[in-house]
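So you can see what is in the structure, the chains are spelled out below.
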Amino acid sequence: MTSERGEAAAVPGLTRRADAGRDEVPDGGAARHGGKAPPSAASTRSPVTQRAWLPWAVGGLVLAACFGLQSQLYAGQERTVATVFMFVGLAQAWNLIGGYTGYACFGQVVFFGLGGYTTAALMAHAHVSFWLALPASGLLAAIWAALIGLPLLPLKGHYFAVATLGVAEGTREVVTNLPSLTGGGAGISIPTVGADATTGYLGNDGFYVLFLLLAAVSVLVVAIVSASKLGFALRAINQDEDAAASLGVHTTRTKVSVFALSGFLTGLLGAAYGFQQVTIFPARLFDVNFTVLMVIMVIIGGSGTVVGPVIGAAFLQFVSEYLRQHFTEAHPFILGAIVIVAVILLPQGVVSYAGSAWRNRDFSLLDNIRKYRL
Amino acid sequence: MLALLASGCGSKGERAQTGSPDSLVLGASMSLTGSLAREGLLTKEGYDLCQATVNAKGGVPIGDRKYRLDIRYQDDTSKPDTAGTLVDQFNDQGVKLILGPYGSATTEAAAAVVERNHQVMADSAGADDKIFEKGYTRTFAVLSPATRYAASIVKAIAELAQPRPKRIAFLSADDGFSKTVTAGGTAEAKAQGMEVVATEYFPNGASDVSASLTKVKSKQPDVIIGSVHLVEGVAIIKQAKELGITPAGGFGETVAPPTPDFVQTLGPIAENVLGSTQWTPQTSGEDDWFGTAADYVTAFKTKFGRVPEYHNAEATAACLTLVLGAQQAGTTDPDKIRDAVAGLNAASFFGPITFDPTGKNVAKPMAVIQIQHGKPVTVWPKSDAEAPLIWPGLS
Amino acid sequence: MSQFFQATIYGLLQGGLLALIAAGFSLVWGVMNVVNLAHGAFVLVGAYLAWELSRVGVDPFLGMLVAALALFAAGYAIQRLLVNLVVNAPVFITLLLTFGLELLLVNGLILLFSADYRSIRTSYASRSLVLAGDVRVPVGRLLAFAVAIGITLALVALVRRTRTGLAIMATGMDRGAARLMGIRARHVYALTFGIGAAIAGAAGAMVGTVDTFSPADAGRFTLFSFVVAVLGGLGNMYGALLGGLVLGLVEAWGSQYLPGTLVNAVAFAVLVAVLIVRPSGLIGRAHYAARVEV
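Residue numbers (this note's numbering), protein chains in the order written: chain A, 1 to 374; chain B, 1001 to 1395; chain C, 2001 to 2294.
Do not rely on the hints blindly, as some may be mistaken.
Which stretches of chain B does chain C cover? Using the computed rule of at least three CB atoms under 8 Å from a CB of chain C, they are [as the list claims (entries may be wrong)]:
no. : region
1   : 1193-1202
2   : 1205-1216
3   : 1241-1251
4   : 1348-1358
Just a sample of chain B residues kept apart from chain A, beta carbon distances all over 10 Å, derived [what the hints assert, rightly or not]:
no. : residue
5   : Lys1057
6   : Ile1062
7   : Ile1071
8   : Gly1176
9   : Gln1220
10  : Ala1342
11  : Lys1382
12  : Pro1388
It should be emphasised that the hints constitute simulated quantities derived from the structure, not laboratory data.
Remember, it's a predicted structure, so these values are computed and weren't measured experimentally.
All C-beta atoms in this analysis are idealised placements derived from N, C-alpha and C, irrespective of residue type, glycine included.
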């Protein structure tokens, strides 16, 4: 029995294990719960029970560790780590639409900016509490995602990317041109002191926890989606949309819902970010660099996986922070070189590489180059 | 894993020493890269000169000891949120005295953090009045506020121009700083009895302002004032010539004309353009560290090999403010330094340094220059003027 | 009415320049399916090269040729040695590679030249021809426009009439079949990238003559190249020209008749509208969307 399973494990995904509740889709490395090592051939426990709780336990441990970490950090470092959490959340949100579904949205920052501005406008003009503005911002971003998703999601590949980029830039311009609502180019400030302040400023400690929770929620959502029928549908759409449609997947409905979900998560993070910054400007909150960073983090980490974006976000943020502190003038230059090297050596992302390298016991990075070069 | 994570992140947690006990540490979050890199570097040069000058004279005398000035730089990549994080990180390291970043957006972000952390900031390049309408008590700006930028040009024209122009048009970038500048300028124009025939806005950083110029052309102003930065300032003059827009009184712009790039880029068509500036080598005032404005020019030339711009001077002045504050307080305690700075009433190479309760420097006037024979020449205030105003600007 | 004509003239001239900036980007994307995020940086390198040459007295229109040659060589090398390594990888890998390249180039330029704004001054660029109704046509922009048209026509001729051009088009349509026909795909790809970079360099020289530039402009150039390339249809040189002109006109009319700050919103609205209604671009051909790759 065990050797059979061992053989089955050695041929990834091509045999259907009757006792595994879900298929592993043969796309060369999309991990299910977290790219954990496959059960060893000598294990006598059934793979399902061994695998099912392990990733969740690890996730819970990591979460607890991050909470505990807070007591070890000073305020400035806390902000840096809070930013890492924010990018983990953002990367996971992009992962939903870009990684799993394969629709690379280049305008993701529009949800971020809308979230931030909704919160700012609600708190500054309507004196709404932040805890009401937060879900409202996510909701508004989700609605916008659904609205633009309907005409844009039929586009494929690069066209979808450019169209969403156009929408993002256009939305920024519109926001800049509504000064009575958004302050325009001069920015808008959330009142944090005085009679107008509805919610006290959370401070570095508060925002650390807030971003950590939002990041945890994002990872959780992606993990649940990944393991659910929705995740199956997304992967099917990614690989061959027409075949998926012929299998009975409602492609339009699925795509729009996951786009809205992705927008919702991004909007929440934008709201938190807006509150943290207090004064926000359209140029910053709709900055295309946010989108580019999200894409890089997901791809370097491993798109279409749960753990990949977390690793990618943490790695990239820490590396760029370290470089910025120690090479004050040349740090973007060095970051560019690192990105190039990372992309050449690990084009499928860290998690997928780790997964297939472990499975095939082949750790050669140069093989990647041989595989992907012209 | 917990320990691994904790130690991995915690290794940055070693509280960095705040320098040796004989040094006064100032933290500066600068735009060393990004869209404001050029002005950020100019600001850094100003801070560097201050540090070199003060240390060459033995350091800051605080109480009965002399402290070396030690300025620590970090790059905020021209982004306001990074600037805020950096000020927090400085606070972690025990650095309570902060030198301001370049630009109003980054300064605003830094000021919010400074207020929360009970640090003290000397603002060298954030002029937007809005920074000072938030009730902050720990940020002090040595430079004149944004409302004076265009208003000074208008005032200079009103005082010196014969015949006085009647119709004035404003072209403005749409960022917060420029909008405040324009508001101040239009108010001053109306107060001086001129008619504001048009106020056109264009996106910040636009290098093509032809549309706004064309709209203004039909209104036939006597003078066109630009509330701009370098790129738009150059674009206005260049494209006005291309489009054949020739207001009799010529042009006046903020920020751009005093910079060497302006004349270099435009060449002869920059002649007679007016500009407002925070400082010129003719500014009156003298202090013990830098002498007069002319002495400052000499010192800068010796160190950097070229003539200083006003961005350099305002940075040095901000650093000087903290130095004077520490001197007067007689201690390195940030709260006492804050109080000393708030009560400062000092003359300096940059002009008078005095702060009103909101932290603005209201004693220092802006100066107005005019490009004459390819060089910026001070024409206003009359007491500092090098040469008379050439009017009308376009003959 | 003369306001309208003035805006139209300006829009067309600016559009020609935009078309030149975007032509190389569109070519590379269309033929190789590589989205070159460093394209704006190439434009800037061209501008700086022409600026350096102008400081020793070389006219920018000559400097343009030098910049084009230098960038051709650099582009060829970059493709052959760097981008080739990831051509078969998932499509967004090349995107990241060029993003890293852009960081390298732009910050390299800042380190070399500082972030100051530069402009190439010529004696003739600021003069204007005067048409009826006091409508002005600036000479510098007119020359840049002429160069843009010239290069576009030259490119079309290259692609349709020379063996090299046909090889490029063939490789773009079906790389596997092209290789079977004896076309050296690696070399052709490198040629294409080099040509794209060369045009970008020439565009940079033109930009330097009519506008001010600094390393911070790289992103803006790439963004506009995106818009123009998609507007006109990927890989289509006439399309790039048309896309550029359309964008230029839309921006000029938009900023004339709407508040000046809305102009970019209008441009992007046009882009999105075109994509929804006609995704292959105004005159693009659908076969680039269904590419077979080996």
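Assertion that B:Gln1220 lies outside the chain A interface [Cβ separation over 10 Å]: At roughly 28 Å from the nearest Cβ of chain A, B:Gln1220 sits farther out than 10 Å, so the non-interface label holds.
Find the nearest Cβ of chain A to the Cβ of B:Ile1071 and say whether that gap is larger than 10 Å. Answer for B:Ile1071: holds, closest chain A Cβ roughly 12 Å.
Assertion that chain C covers the region 1241-1251 of chain B - criterion: three or more residues, beta-carbon distance below 8 Å: It holds, with 4 qualifying residues against the three required.
Against chain A, does B:Ala1342 hold up as non-interface, every C-beta pair farther apart than 10 Å? At about 19 Å from chain A, B:Ala1342 clears the 10 Å cut-off, so the statement holds.
Between the region 1205-1216 of chain B and chain C, see if three or more residues pass the 8 Å beta-carbon test, and mark the coverage as holds or violated. holds (count 7)
Please confirm whether B:Ile1062 is truly not at the interface, meaning its C-beta sits more than 10 Å away from all C-beta atoms of chain A. 26 Å, holds
According to the definition I'm using, a residue is off the interface if its beta carbon is farther than 10 Å from all beta carbons of the partner; does B:Lys1382 meet that for chain A? 34 Å, holds
Is it the case that B:Pro1388 keeps its Cβ farther than 10 Å from each residue Cβ in chain A? 37 Å, holds
Distal placement of B:Gly1176 relative to chain A, Cβ over 10 Å: 3 Å, violated
Once the closest CB in chain A is found, is it more than 10 Å from B:Lys1057? Label holds. Min Cβ-Cβ 27 Å, cutoff 10 Å.
Check whether three or more residues of the region 1348-1358 of chain B sit with their beta carbon closer than 8 Å to a beta carbon of chain C. violated (count 0)
How about the region 1193-1202 of chain B: do at least three of its residues have a C-beta closer than 8 Å to a C-beta of chain C? Coverage by chain C holds here, the residue count being 3 at a Cβ distance below 8 Å.
Going through the hint list in order, the structure does not satisfy hints 4, 8.
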